[in-house]
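Residue numbers (full-length UniProt numbering), protein chains in the order written: chain A, 1 to 111; chain B, 1 to 111.
Just so you know, the hints here were simulated from the structure itself, not pulled from any lab data.
Certain hints may be false.
No distinction is drawn between identical chains; accordingly, a pair holds when it is met within one copy or between any pair of copies.
[To be verified] Below, in silico cross-link-like pairs of lysine-lysine (DSS-like), each with a Cα-Cα straight-line distance of 27 angstroms or less: (1) Lys62 with Lys51; (2) Lys84 with Lys51; (3) Lys84 with Lys47.
Protein chains: 2
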Amino acid sequence: MASNLDHFFSALADPTRRAVIARLTSGPASVSELHAPHDMALPSFLKHLGKLESAGMVRSLKIGRVRMVHIEAVPMAEAEDWLKTQRRIWEGRLDRLSALAEHLERNGDHG
Amino acid sequence: MASNLDHFFSALADPTRRAVIARLTSGPASVSELHAPHDMALPSFLKHLGKLESAGMVRSLKIGRVRMVHIEAVPMAEAEDWLKTQRRIWEGRLDRLSALAEHLERNGDHG
Numbered sequence: 001m002a003s004n005l006d007h008f009f010s011a012l013a014d015p016t017r018r019a020v021i022a023r024l025t026s027g028p029a030s031v032s033e034l035h036a037p038h039d040m041a042l043p044s045f046l047k048h049l050g051k052l053e054s055a056g057m058v059r060s061l062k063i064g065r066v067r068m069v070h071i072e073a074v075p076m077a078e079a080e081d082w083l084k085t086q087r088r089i090w091e092g093r094l095d096r097l098s099a100l101a102e103h104l105e106r107n108g109d110h111g
Numbered sequence: 001m002a003s004n005l006d007h008f009f010s011a012l013a014d015p016t017r018r019a020v021i022a023r024l025t026s027g028p029a030s031v032s033e034l035h036a037p038h039d040m041a042l043p044s045f046l047k048h049l050g051k052l053e054s055a056g057m058v059r060s061l062k063i064g065r066v067r068m069v070h071i072e073a074v075p076m077a078e079a080e081d082w083l084k085t086q087r088r089i090w091e092g093r094l095d096r097l098s099a100l101a102e103h104l105e106r107n108g109d110h111g
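Same shape as in the complex, but just chain A (with noise of 0.2 angstroms):
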């Protein structure tokens, strides 16, 4: 049971996707402006751009002759949120961990 967290950090786990979403976050862009910073063949660029479609992390719209992208940001809020948690539950258990370090200094110091 793939999830869409699935689909968004498997979109994420490549240099090419993090690089084109690094640069939707400025705003839109044109494919061909997208494509242009990376050494690729425009075929291979394009699969990127449909993973990242695909996972719904961006969408395009066509005008005219050119397709515009841009990006949707509730996965990449959803993908942040997940992590977020992660590190609030360590977090909470750090802070755990070192009041009961101080209460057994204290504790020694009175030992």
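Keeping the supplied structure of chain A fixed, place chain B upon it in accordance with the hints.
This is chain B only, laid out in the frame that chain A set:
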């Protein structure tokens, strides 16, 4: 040129591996404890653990007959930071757009 982020995001692109990470944020666990909630043969489960370990997201240590697994916080933080950076740029852009919209609206009122 595969970066650490490739491995981190790829490791997180699977529900079993995310469940293991979520369990380990509450503290270390043995391989059998980690395996128990998953309806999956042990060899398949060990492959998932291996992927997390080779991505540097967990470490394991054999204590007597028991292999204990614990989480590594840094990779999680790096993955979260990357997403947070993108969100900040994105939100900055939305703020600028909304400031522009307000400006245009005010000018419309006076025009």
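So, going through the hints one by one against the coordinates:
1. Lys62 with Lys51: within (18 angstroms within a copy, 39 angstroms between copies)
2. Lys84 with Lys51: both (24 angstroms within a copy, 21 angstroms between copies)
3. Lys84 with Lys47: between (30 angstroms within a copy, 26 angstroms between copies)
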